[in-house]
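A.B. asks: Chain A is fixed; fit chain B onto it per the hints.
For reference, the chains in residue letters:
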Amino acid sequence: MSLSPVEGVALAEIEAGGDEGGAAAKGVVGRSPGQLAWLRLRRDRTAVVSGVLLVFFLLLGLAAPLIEMVYGIGPREQFQNLLDGFGMPLGYAGGVTGEHWFGLEPGLGRDIFIRLIYGLRTSLFIAFAAALITAAIGVVLGALAGYLGGWLDAVINWITDLTLAMPFLIIALALTPTITLRFYGERGQVSSAFGVGVLIAVFAIFGWASTARLVRGQVIALREREFVEAARASGAGLGHMLFRQLLPNIWAPILVSFSLAVPQFITSEAALSFIGVGLSDETPSFGRMIYRSLDFLQTDPAYVFFPGITIFALVFAFNLFGDALRDALDPKSSR
Amino acid sequence: MARFLLKRIFSATLTLFAVSVLTFLMFFALPRDPVSSICSKNCNPERLERVRDDLGLNDPLISQYAGYMKGIVTGRDLGSAQGGRCDAPCLGWSYVTNEAVSDTIARVLPVTLSIVIPAAILWLLLGVGLGMVSALRRGTWLDRAAIGFSLTGASLQLYFVGAVLLLVFVYNLRWLPVPSYTSLLDNPAKWASGLVLAWVALAFLFSAIYARLSRAQMLETLSEDFVRTARAKGLAKPKVYGRHALRAAITPVVTIAGLDVGGALGGTVITETTFGIQGLGRTAVDAVRSGDLPTIMATVLIAAVFVVLANVLVDLLYAAIDPRVRLR
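Sequences listed follow chains A and B, in order.
In this text, residue positions in the first sequence follow this note's numbering: the first is 1, and each later residue adds one.
In this text, residue positions in the second sequence follow this note's numbering: the first is 1001, and each later residue adds one.
So here's chain A without its partners, still in its complex pose (with noise of 0.2 Å):
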């Protein structure tokens, strides 16, 4: 992996933090389970550096807009003038120049850098709130679930693994133009705020079930706590049980399954834009350019490898980043 200048940077800052926390922990001090784990996420390279990684991407994505105003070019803008007469870019490696930092794709003629970067928007945009959801929805169900018991148990339990038994993809490949057609029509011009909404929905519908059955686990494990016990004893309502006393002894695995998640959803959006149902063409997304770009492959090999490298080192970071927070929350794991 090689570092940009801009990571190095931050980087340096990070390092000179962490000296900072060092000093200050010479005297003995009491420190909160979160604190420790954080130190422990600070001295591990990997995790710095991938989380580094992720903040830069993360940055692209929300200065997409600056970065357009600096680049000086558009997502939707066209240079046909720089295309040869079969619609291939001209120059080398797909028609880069000082200009158009990734080149040119071919046919179209827009520029590949900037539509790179609205697809990082889209793709966080996209597996971030998709995965907030999902968490949202899985911690509820999975602590109602595993807190209460009963028939209540029993229902979530069914519709977990009915949930599980659904092929995500297939279905999300179906349901996706179904769920569009309903509101537009055979013939409506689709918004790409819709597509992007759709998604997400679709992701909301199946993606909660891991989650509930990870809180449904662990809350059976303190249900018969003493502490559990206690508050419920004094007279504890279900909200508090719940969010008050149960939830912050379980945020550790929620965490990690929620960064886990991301990258998750920013390849499943990927892939459904990949076989077509995701986003429209209008909608800047990395699966949308690599689909585009296999019809290219003998003509103009350079096309694939940007955005396949760009959502590689995404993911990879995502995936590093959630590994180290795992060990880091959890000492006794060993990978």
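Hints were generated in silico from the structure; no laboratory data involved.
For every residue, glycine included, the Cβ atom is placed at its ideal position computed from N, Cα and C.
None of the hints are false.
Computed from the model, here is a short list of chain A residues facing chain B with C-beta under 7 Å: (1) Ala165; (2) Leu297; (3) Pro301.
Covered by chain A, according to a simulated footprint, are these stretches of chain B (three or more residues, beta-carbon under 8 Å): (4) 1015 to 1023; (5) 1144 to 1156; (6) 1161 to 1172; (7) 1272 to 1284; (8) 1294 to 1306.
C.D. replies: Relative to the frame of chain A, chain B by itself:
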């Protein structure tokens, strides 16, 4: 054992029933006219009405569902517009392809099987083997290489790996023909050369996950007392590792493998799209694009059947591998 099996089959049937009702509702009950997509251009109202009648869309929902289910179990008469008598696993008639859906499925299912089964054998051998070796040689360069491999593989995307493989082996080196499907019985060599890239791509990505999982499991098992006891009583290393430890370490791998294979059999959508091979997954994508409801419904159902069956099989395998698992 028999009781466990019955119980498991009962719950599996219940799940399948629920999945079928849900998918049926999703696609037929949504107020979208399935007919208008069948003939979007120059279709007169009478013809539309006739097609609607043929499809039974004017009947109440419950009788539509009952008819569909009856068709799967005993076959039914679809009327002359839809090819007349439709035999036992009748999944309806597709107006888009002008073919009974069960015929389409019978044609594309062997393609998906030919992709998934060899790939699964490859990824299991490679993944578990690599995980074992790296656990036994913990801390060596071999272990580090295996960890690097599994970390990279777990973050790579099939369409990207597939595109690179195509680029290198088909378009640049020209060692392999453009991927396609030939029946194994017709020409085994052509069958293998047309599908080998799909196997390699799938096996590469999946074995990364399995290498990581089986390494972690193996490390945990190796620190158990029974492994030390087996070594202490003088058993040879290969026997201890190969029989005692492997058997204990492999149970979670079996679970995930079962679910992965079950899921993949339901349609390797991405693989088939990347390599341009017409299997179940590609058929589902095409059906979605052309609004071919009976085919969509059939592919979703078949995928669900594979996932549910894989679940049952995994439970049974579990008991066979690990005698501590008691079947109740």
